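> With chain G's structure known, arrange chain U on it following the hints.
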Amino acid sequence: GAGVSQSPSNKVTEKGKDVELRCDPISGHTALYWYRQSLGQGLEFLIYFQGNSAPDKSGLPSDRFSAERTGGSVSTLTIQRTQQEDSAVYLCASRDSSGSLGEQYFGPGTRLTVT
Amino acid sequence: AQSVTQLGSHVSVSEGALVLLRCNYSSSVPPYLFWYVQYPNQGLQLLLKYTTGATLVKGINGFEAEFKKSETSFHLTKPSAHMSDAAEYFCAVSDLGGADGLTFGKGTHLIIQP
Chain G
1 GAGVSQSPSN KVTEKGKDVE LRCDPISGHT ALYWYRQSLG QGLEFLIYFQ
51 GNSAPDKSGL PSDRFSAERT GGSVSTLTIQ RTQQEDSAVY LCASRDSSGS
101 LGEQYFGPGT RLTVT
Chain U
116 AQSVTQLGSH VSVSEGALVL LRCNYSSSVP PYLFWYVQYP NQGLQLLLKY
166 TTGATLVKGI NGFEAEFKKS ETSFHLTKPS AHMSDAAEYF CAVSDLGGAD
216 GLTFGKGTHL IIQP
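First to last, the protein sequences are chains G and U.
Quick note on numbering: the first sequence equals residues 1 to 115 in the working numbering.
Quick note on numbering: the second sequence equals residues 116 to 229 in the working numbering.
Since the hints were derived computationally from the structure, they do not count as laboratory data.
Note that the structure is predicted; figures quoted are calculated from it, not measured.
Glycine included, each C-beta is placed from N, C-alpha and C at the ideal position.
Just to be clear, a hint being listed does not mean it is correct.
Stated by the list, open to error - Straight line, CA to CA, 35 Å or less: simulated DSBU-like cross-link-like pairs of lysine-lysine: (1) Lys11(G) <-> Lys164(U); (2) Lys183(U) <-> Lys173(U); (3) Lys57(G) <-> Lys164(U); (4) Lys57(G) <-> Lys17(G); (5) Lys221(U) <-> Lys17(G); (6) Lys57(G) <-> Lys183(U); (7) Lys57(G) <-> Lys11(G); (8) Lys183(U) <-> Lys164(U); (9) Lys184(U) <-> Lys57(G); (10) Lys15(G) <-> Lys221(U); (11) Lys15(G) <-> Lys57(G); (12) Lys221(U) <-> Lys57(G); (13) Lys221(U) <-> Lys11(G).
As the list claims (entries may be wrong) - Computed list of chain U residues with no C-beta within reach of chain G, every gap over 12 Å: (14) Ser143; (15) Leu161; (16) Pro194; (17) Asp200.
In isolation and in its complexed conformation, chain G is listed as follows:
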């Protein structure tokens, strides 16, 4: 079946612009995660959605970052007023939380370059 998909695969933007990154999780997966992968910081957890519960935003690095998940499926990560340090690969993962030990399945990522 289809895996986690992300779009766009690459995004180049100018400093100060806003960007939106999209994640389509595996159908039926109720949990969705965003991570950031950068050379300096490695893989960092950003935010986690579980069903209709309030998201866990504990990993968001600043208030310029936000995410939403509409209809319990597709998620959008928005970065406002982008900075050069936001350049990274943004990974999305989803999980079938019907079992307590389900693994997280990752998408291919969106490579964001801020110039």
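Just chain U, lined up with the frame of chain G:
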């Protein structure tokens, strides 16, 4: 707070040799531990996971890892390296069985010499 330390940002082995990638963790509760592999320009793929029970865990592609609580370690091994094993490997820890956001190590780049 959880943390993961992977010793060696780069490991180079000859084809056919033993692969050993080291991972140490800290966690305030019994951890759930994971190894993921990332091939160039791809997402992460789960190799194996430790939850409870048997401390020696077998994964895909001939990899295995052993959970040693006394050493707070979860090293990844493979008896005989193959060229296709060249990739980035990440160790991760979760306090909630992977339900929460995973805490990853910095990664180890595995190089296979012909």
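> It remains to establish, for every hint, whether it holds in the given structure.
We went through each hint and held it up to the structure:
no., hint, verdict
1, Lys11(G) <-> Lys164(U), "33 Å, holds"
2, Lys183(U) <-> Lys173(U), "15 Å, holds"
3, Lys57(G) <-> Lys164(U), "25 Å, holds"
4, Lys57(G) <-> Lys17(G), "22 Å, holds"
5, Lys221(U) <-> Lys17(G), "29 Å, holds"
6, Lys57(G) <-> Lys183(U), "32 Å, holds"
7, Lys57(G) <-> Lys11(G), "23 Å, holds"
8, Lys183(U) <-> Lys164(U), "14 Å, holds"
9, Lys184(U) <-> Lys57(G), "30 Å, holds"
10, Lys15(G) <-> Lys221(U), "27 Å, holds"
11, Lys15(G) <-> Lys57(G), "24 Å, holds"
12, Lys221(U) <-> Lys57(G), "22 Å, holds"
13, Lys221(U) <-> Lys11(G), "24 Å, holds"
14, Ser143, "16 Å, holds"
15, Leu161, "5 Å, violated"
16, Pro194, "24 Å, holds"
17, Asp200, "19 Å, holds"
Of the numbered hints stated above, the single one contradicted by the structure is hint 15.
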